[in-house]
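S.K.: Chain residues, written in single-letter form:
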Amino acid sequence: MAKRITVDPITRIEGHLRIDCQIDGGKVTNAWSSGQMWRGIEIILKDRDPRDAWIYTQRICGVCTTVHAIASVRAVENALKMEIPLNAQYIRNMIIAAHGIHDHIVHFYHLSALDWVDIVSALKASPAKAARIAGTLSPWPNNTSRHFKAVQDRLKGFVNTGQLGIFANAYWGHPAMKLPPEVNLIAAAHYLEAFEYQRQINKIVGILGSKTPHIQNLAVGGVSNPINPDDQSALNMERLYYIKTLMDNIQNFVLNVYVPDVCAVAAYYKDWLNYGSGVTNYLSVPDFPIDTKGTEFLTPGGYIPNGDVNQFAAIKSFDDDFFRKNVKESIKHSWYDGSWTRHPWDEETVPKYTDFQDNGKYSWVKAPSFNGKPAQVGPLANVLAMYVAGHEPTKKYLGVALDKINGLVGSKVPLSALHSTLGRHAARAVRCAVLYDILEKNYQLLIENIASGDFATYNEPEFPSGTQRGFGFHEAPRGVLSHWVVIDDGKINNYQAVVPSTWNAGPRNQDDAMGPYEASLMNNPVAQAEKPLEVLRTVHSFDPCLACAIHLHDNKKKEIVHVTAMK
Amino acid sequence: MSNQVITVLGLGNILMRDEGIGVYIANLLNTTYKFEPDIQIIDGGTTGTDLLPYFESSNKILIIDAVNFEKFPGYIEIIKNDDILATITEKISMHHLGLSDVLSIIKLLDIQPQEICLVGIEPVDLELGLEVSDDIKKISGEILETVLSILKSWGIEFSLL
Numbered sequence: 021m022a023k024r025i026t027v028d029p030i031t032r033i034e035g036h037l038r039i040d041c042q043i044d045g046g047k048v049t050n051a052w053s054s055g056q057m058w059r060g061i062e063i064i065l066k067d068r069d070p071r072d073a074w075i076y077t078q079r080i081c082g083v084c085t086t087v088h089a090i091a092s093v094r095a096v097e098n099a100l101k102m103e104i105p106l107n108a109q110y111i112r113n114m115i116i117a118a119h120g121i122h123d124h125i126v127h128f129y130h131l132s133a134l135d136w137v138d139i140v141s142a143l144k145a146s147p148a149k150a151a152r153i154a155g156t157l158s159p160w161p162n163n164t165s166r167h168f169k170a171v172q173d174r175l176k177g178f179v180n181t182g183q184l185g186i187f188a189n190a191y192w193g194h195p196a197m198k199l200p201p202e203v204n205l206i207a208a209a210h211y212l213e214a215f216e217y218q219r220q221i222n223k224i225v226g227i228l229g230s231k232t233p234h235i236q237n238l239a240v241g242g243v244s245n246p247i248n249p250d251d252q253s254a255l256n257m258e259r260l261y262y263i264k265t266l267m268d269n270i271q272n273f274v275l276n277v278y279v280p281d282v283c284a285v286a287a288y289y290k291d292w293l294n295y296g297s298g299v300t301n302y303l304s305v306p307d308f309p310i311d312t313k314g315t316e317f318l319t320p321g322g323y324i325p326n327g328d329v330n331q332f333a334a335i336k337s338f339d340d341d342f343f344r345k346n347v348k349e350s351i352k353h354s355w356y357d358g359s360w361t362r363h364p365w366d367e368e369t370v371p372k373y374t375d376f377q378d379n380g381k382y383s384w385v386k387a388p389s390f391n392g393k394p395a396q397v398g399p400l401a402n403v404l405a406m407y408v409a410g411h412e413p414t415k416k417y418l419g420v421a422l423d424k425i426n427g428l429v430g431s432k433v434p435l436s437a438l439h440s441t442l443g444r445h446a447a448r449a450v451r452c453a454v455l456y457d458i459l460e461k462n463y464q465l466l467i468e469n470i471a472s473g474d475f476a477t478y479n480e481p482e483f484p485s486g487t488q489r490g491f492g493f494h495e496a497p498r499g500v501l502s503h504w505v506v507i508d509d510g511k512i513n514n515y516q517a518v519v520p521s522t523w524n525a526g527p528r529n530q531d532d533a534m535g536p537y538e539a540s541l542m543n544n545p546v547a548q549a550e551k552p553l554e555v556l557r558t559v560h561s562f563d564p565c566l567a568c569a570i571h572l573h574d575n576k577k578k579e580i581v582h583v584t585a586m587k
Numbered sequence: 004m005s006n007q008v009i010t011v012l013g014l015g016n017i018l019m020r021d022e023g024i025g026v027y028i029a030n031l032l033n034t035t036y037k038f039e040p041d042i043q044i045i046d047g048g049t050t051g052t053d054l055l056p057y058f059e060s061s062n063k064i065l066i067i068d069a070v071n072f073e074k075f076p077g078y079i080e081i082i083k084n085d086d087i088l089a090t091i092t093e094k095i096s097m098h099h100l101g102l103s104d105v106l107s108i109i110k111l112l113d114i115q116p117q118e119i120c121l122v123g124i125e126p127v128d129l130e131l132g133l134e135v136s137d138d139i140k141k142i143s144g145e146i147l148e149t150v151l152s153i154l155k156s157w158g159i160e161f162s163l164l
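Listed in order, the protein sequences are those of chains A and B. The working numbering puts the first residue of the first sequence at 21, with every later residue one more than the last. The working numbering puts the first residue of the second sequence at 4, with every later residue one more than the last.
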């Protein structure tokens with residue numbers, strides 16, 4: 021008999037993401053994704069000064085503060101048709117590249133690895149054997165039997181305290197866990213090391229952004245960092261050299277730990293290269309502008325319909341008409357008043373809550389569409405676009421990853437295997453490696469530009485009377501982020517943020533087509549309805565904003581999975 | 004003891020009125036007092052692992068945050084060390100996922116400060132809005148006193164700016 025499972029782990033905290041699946045014959049036969057929290061930033065920003073919007077938008081989300089700040093200043097700059105000094109572009113680019121690397125590492129190790137890695141099993145591993153296996157994966161200096169033994173002892177101590185904290189409620193011993201104890205131990209060791217590296221890369225954001233967690237250095241028109249190679253208090257050579265040291269440490273970790281670990285997981289779980297494709301219309305945007313107008317970029321982006329790379333349509337500038345015209349949002353299945361499908365500039369935000377209606381309204385998330393269809397966003401969409409656009413760093417690192425997987429599996433894995441749950445993880449690791457190249461390139465460009473005597477970082481915005489409309493996009497770690505602003509006589513009249521998790525977590529759209537999470541869950545195997553680890557694997561592979569919470573639980577063993585028999 | 008690092012961490016979402024009470028109080032401390040020896044005052048927002056460096060580099064850390072104690076709006080309580088994790092996992096608010104995460108990670112990584120103190124305040128109004136509620140503003144003197152008395156017990160002298 022079919023069963024209905026509801027994974028709603030966070031109802032006690034005003035709720036974020038709830039997933040419902042219908043399970044029949046050991047697999048998912050229907051799915052619903054429901055955002056459980058209403059985000060009212062649009063209302064807060066009305067009538068405010070557009071120059072301040074970024075300060076508020078970076079508070080929308082606790083995880084992705086920087087990205088909302090960047091998209092916001094870009095949107096206002098677009099409305100005012102501004103040019104941005106080169107130094108400001110490079111500094112912003114370095115911040116978002118560093119933030120992206122940080123985010124990808126944290127996502128794999130700290131927010132999703134426990135879907136694949138069984139920490140308790142690692143306690144049984146032979147450290148010597150683990151060192152031998154790790155040696156075949158990469159030349160990382162910490163992959164020694166002594167280090168693995170120390171990690172194992174630390175984990176034992178932690179598990180013995182009975183307070184599992186971050187490890188509580190993971191699915192230890194679940195039949196879908198397949199890694200040998202030694203590989204679990206290797207992954208656990210890298211899980212711990214990743215904390216140190218995510219901290220190092222975040223320092224770059226802190227140095228350039230003046231502060232973390234909320235950067236302070238942005239301004240509509242540029243950045244507020246004073247540049248002076250000889251001034252102790254300004255962005256000077258000493259700070260720039262320190263940034264370089266941090267960057268290089270990180271790349272070593274990404275290439276010798278992160279990428280090989282993802283490849284190993286893909287090889288041990290190669291079935292998961294067949295599940296989870298879902299919506300294969302992919303949308304990404306170009307980013308890392310290297311001119312003042314936003315027409316030349318270091319990473320390409322665009323639209324790929326139906327997974328067909330031959331139909332790739334590039335998005336070319338910060339003022340791209342194809343992008344501007346084709347983003348729409350539908351509220352047919354969302355808790356807002358009405359049933360419209362509108363362009364973000366023409367939207368209104370009038371909440372209207374009903375109950376969870378399978379065929380009606382069931383989410384606070386709106387359903388975005390591109391060119392009338394739902395689209396998947398994220399590193400996979402970006403990597404596919406960059407690959408088809410002939411982006412050299414992407415081709416290089418994708419080649420490294422696929423060769424490694426092929427070597428471990430012992431046969432050739434086709435490129436089409438990327439359209440899957442583990443394909444999204446692999447693409448994220450590849451993008452992380454690409455971002456280092458981008459970071460380094462911007463570092464060089466910044467140094468050269470400063471050396472040429474250009475210290476400019478800011479152009480003053482001017483607000484004409486009347487109405488201006490603008491949009492700003494950013495290829496954020498979770499995918500395409502766009503902010504849309506309507507300015508009337510220097511004040512914000514309308515503000516809409518179409519965020520990556522809206523694209524991916526959106527409910528059914530105006531044509532009742534499923535959103536990416538929903539579609540990707542179809543036909544996923546589920547061994548035990550009460551422990552739907554497989555559902556988490558696929559949803560987590562998108563890097564859902566705050567659904568990372570699915571791993572975190574209180575000490576009271578609150579029910580997080582609810583199973584009911586379907587009538 | 005002169006070189007010990009003391010950090011005050013204000014947490015919360017400033018877009019939801021009293022959710023942002025920790026940030027509000029941290030800003031008040033920053034703009035109205037000076038400290039001797041100096042302390043660092045951080046607006047932590049609603050982030051999680053981004054806060055790890057502050058835990059790692061501080062000898063003592065004082066967190067100010069909205070907590071639903073299920074007592075009454077405006078109720079203030081001081082919670083210390085291991086009791087914090089136990090309390091916030093029960094009385095969770097929107098961003099406590101980040102904090103409880105951080106508290107268990109610092110345990111796992113063995114980078115715990117000598118002392119962690121949480122000043123929790125039960126919020127009045129969690130609706131959308133940038134200002135904390137008038138009721139909370141009224142008791143902000145009491146909250147500041149609580150925070151300052153903890154800092155004093157840690158050997159920090161303070162005076163009005």
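Since the hints were derived computationally from the structure, they do not count as laboratory data. Among the clues, some could well be false.
With a straight-line cut-off of 30 Å between C-alpha atoms, the simulated DSBU-like cross-links for lysine-lysine are [to be verified]:
no.	chain 1	residue 1	chain 2	residue 2
1	A	LYS551	B	LYS155
2	A	LYS231	B	LYS83
3	B	LYS37	A	LYS144
4	A	LYS264	A	LYS149
5	B	LYS140	A	LYS223
6	A	LYS23	A	LYS176
7	A	LYS511	B	LYS140
8	B	LYS141	B	LYS74
9	A	LYS432	A	LYS149
10	B	LYS110	A	LYS169
11	A	LYS176	B	LYS110
12	B	LYS140	A	LYS66
13	B	LYS74	A	LYS231
14	A	LYS345	A	LYS424
15	B	LYS83	A	LYS198
16	A	LYS149	B	LYS110
17	A	LYS176	B	LYS141
18	A	LYS264	A	LYS231
19	A	LYS223	B	LYS141
20	B	LYS141	A	LYS66
21	A	LYS23	A	LYS424
22	A	LYS352	A	LYS23
23	A	LYS264	A	LYS66
24	A	LYS231	B	LYS140
25	A	LYS352	A	LYS47
26	A	LYS290	A	LYS264
The structure displayed is predicted, hence computed values, not measured ones.
S.K.: A separate judgement is required for each hint: does it hold in the structure or not?
M.R.: Structure-based check of each hint:
1. A:LYS551 to B:LYS155: violated (50 Å)
2. A:LYS231 to B:LYS83: Measuring from Cα to Cα gives roughly 27 Å; hence the hint holds.
3. B:LYS37 to A:LYS144: Given that 30 Å is the threshold and the Cα spacing comes to 54 Å, the pair is violated.
4. A:LYS264 to A:LYS149: violated (36 Å)
5. B:LYS140 to A:LYS223: violated (35 Å)
6. A:LYS23 to A:LYS176: Roughly 37 Å separates the two Cα atoms, so the pair is violated.
7. A:LYS511 to B:LYS140: holds (29 Å)
8. B:LYS141 to B:LYS74: holds (18 Å)
9. A:LYS432 to A:LYS149: holds (27 Å)
10. B:LYS110 to A:LYS169: holds (19 Å)
11. A:LYS176 to B:LYS110: holds (13 Å)
12. B:LYS140 to A:LYS66: Holds: B:LYS140 and A:LYS66 sit about 25 Å apart, inside 30 Å.
13. B:LYS74 to A:LYS231: violated (36 Å)
14. A:LYS345 to A:LYS424: violated (41 Å)
15. B:LYS83 to A:LYS198: Cα-Cα ~41 Å, so violated.
16. A:LYS149 to B:LYS110: Holds: A:LYS149 and B:LYS110 sit about 28 Å apart, inside 30 Å.
17. A:LYS176 to B:LYS141: violated (49 Å)
18. A:LYS264 to A:LYS231: Holds, at roughly 18 Å.
19. A:LYS223 to B:LYS141: Not satisfied, since the Cα-Cα distance of roughly 38 Å exceeds 30 Å.
20. B:LYS141 to A:LYS66: holds (28 Å)
21. A:LYS23 to A:LYS424: violated (39 Å)
22. A:LYS352 to A:LYS23: Since the Cα atoms of A:LYS352 and A:LYS23 sit roughly 26 Å apart, the hinted pair holds (cutoff 30 Å).
23. A:LYS264 to A:LYS66: violated (41 Å)
24. A:LYS231 to B:LYS140: OK: A:LYS231 and B:LYS140 at ~27 Å, within 30 Å.
25. A:LYS352 to A:LYS47: Holds. A:LYS352 to A:LYS47 sits at ~28 Å (cutoff 30 Å).
26. A:LYS290 to A:LYS264: Cα-Cα ~37 Å, so violated.
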